[in-house]
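Chemist: Chains as they are written, first to last, in my numbering: chain A, 39 to 267; chain B, 24 to 319.
Hints are computed from structural coordinates only; laboratory data are not their basis.
All C-beta atoms in this analysis are idealised placements derived from N, C-alpha and C, irrespective of residue type, glycine included.
Be a bit skeptical, because a hint or two may be false.
[Said to hold, decoys possible] Pairwise CB distance ranges (calculated):
1. A/107 with B/119: 38 to 46 Å
2. B/32 with A/167: 26 to 34 Å
3. B/120 with A/199: 46 to 54 Å
4. B/211 with A/261: 41 to 49 Å
5. A/181 with B/38: 25 to 33 Å
6. B/203 with A/81: 40 to 48 Å
7. A/81 with B/257: 36 to 44 Å
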Amino acid sequence: MSEIIGAIQQAIYLILTLDPEVIEITIKSLYISLSATIMASLIAVPLGGIIYYHDFFGKRSLINLIQTLYSLPTVIVGLLIFLLISQSGPFGSFHLLFTPTGMIIGQTVLILPIIMGFTITALTGVSGQIKELAISLGANTTQTIYTIIKEAKYAIMGTVILGFGRAISEVGVAMMIGGNIRGFTRVFTTTISLETSKGNLELSLALGMILLAIALIINLMLNFVQGKE
Amino acid sequence: MNNKTIAIIAVIIIAIAGIGIYAYSASNSPDKSKIRIATTTSLEDTGLLKEVEAAYEKKYPGVDVQIVSGGTGIAIQYGERGDVDLLLVHDKAREEKFIKDGFGTNRTQFAYNYFWIVGPQNDPAGIKGLNATAAFKKIMEEGQINSAQVKFVSRGDDSGTHSREKKIWNSTGANYTNIKNSSSWYIESGKGMGDTLILANEKNAYTITDSGTFLAFSKDSKIQLVPLITTGKDLLNIYTAIPVNPQKYGKTNVEGAQSFVDFLMSPEGQQIVGNYGKEKYGQSLFTPIVSNPVPA
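Let's have the full structure, built from the sequences with the hints guiding it.
Modeler: Right, here's the structure in full:
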C-alpha cells in the first residue's frame, strides 16, 4: 500500500518538476505511437472501406484473418520485424534496427489489422441505404466509400484511439526493435520494464500513471472535437 | 470533413513524413558518430555503464554511445547479426567461440568481480564455508529432501550468469538437464539478474548473482538475502570487451568500438570502473583489471 502512495507522490513530483528524462520519454513515446497510428490509419481506413464496399470471393475468410491478427503477440511482431531489418536481414542496409523509425514500422504493423478490422465493423453499422443513396446520386466508388466513412466517422475515430492505445502501451516491439537506448529509443513501457527489473517499483508505477494521464488527455481532446461538430 | 480539418491532417502528415525522412537519412549516412554497444544486464543495472558512457561522451563530444542491454546470450546474437559495434560481456567460453567463428576481433578484459552464491540468512542447506561446487551439491541434496525449505532460483536465460551456474552444476557431477526438469526445488525465473534476485528473495531461495547487482540491490533493502559464498576461482567473473569484426559486416563502426575499448583501458576509464559504487555502497562493485591482475 505504501508503495502505491509513494508512486502517486512520485508521479506528481515528476510531473510538477518537469523531470527532463520523463519529458524526453513522453515526447518520444508520443512521437512514435502517434506516427504509427497515423500511418496505420492512412492505410487501414481506406483499405477497410474498399473491403467493406466490394463483395468478392473469400471476403469472409479475409475478415476472419484480419480479426485473428488482433491477437498477434507484440513480441512476435517485434521478432519478425527484427529479423527483417537486422543487419543480416533483407532490409539490413536501411539501418532501422534500434531506431525510432524502426519502432514506428513495428507498431504500424501491429495495429494495422486492428484499425482495418474495426473500420469494417464500423462501416457495417452504417445503414446500407446510404451506400445505395450515394450510388443513385451518381457517386463513383471512391466517393461512395468516402461518404460511408464520413457517416461512420465517430466509430472510426474510436477505432483509431483503440489502435493508438495498443501502440503506446505495448512493450514487445518497443523492446525488440528499439532496444531501450537511453535518450534515443527509450519509451514509457521499456522504461517501466527496466525500472521494474532494477527494483524501482515506485518509479515504474509513477511512469505508468503518467502514461494513463496522457491517454486520458488525448481522449478528452478527441471528445472535445467530437462535441464541436 | 471540412477543409480546415483536411488541412490540419495534411500538415500533420507532412510533418511526420519530414521527420521520418530526416531520421531515415540520418541513420543511413555512414556513421562514425555512433557506437552501438550490446551489454549484459549487470553492467547496465548497476549503473556503471551509464557513468562510463557519460565520461566518454564528454571526452569525445559528437559521438553518441548507444547501449542495448540484455543477457550475454542476446548480446552475442546482436553481435553475430552485425547489429552492434561492440560487446561488453562475461562468458569466456562463448566469447572465444564468437571470435573463433569470425564475428569478433579480439577480447580485452577490462574488469572483474565475483559471482556470489546468496541465500536466506538462516542458510537452511548449510552451505556457508563450502566452495561453490560443494555448495551447489548440498543445495541439490537438501532441496530434494525438503523442497519447502531449500530452493534455488536460476535465471534460465542463457546469460553469462546462467552459463556459470550450469558450469557449476555440471562440476558437481549431476546432469544439468535432469536438475532443470526433475525438481520442485529448482525454479527458473527467465529474467534478468534484478528480477531474479527479487524472486529468490520472495521465495527465500538460494541463487547465484554477480556481486555488483547484489550489492546495488541489498543496499536499498530491496532484498534480505545474504551473501554466503563470495570467493573461489570458480566464481571469478571477468568482463571483456569484443569489437565486432568489420570484415563480416562492412558498416560496423570498428574505430568507434576500438576507441571505446581504449577508453575503458585508459587510466581514466579504469579509475571510473574502480571507483564505481565506493561512495554509495561502501565498496567498489568492479575491480579494474589493468592495475589489479586477475588472481591466479
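Chemist: What are the numbers of the hints the structure violates, in ascending order?
Modeler: The structure breaks only hint 7.
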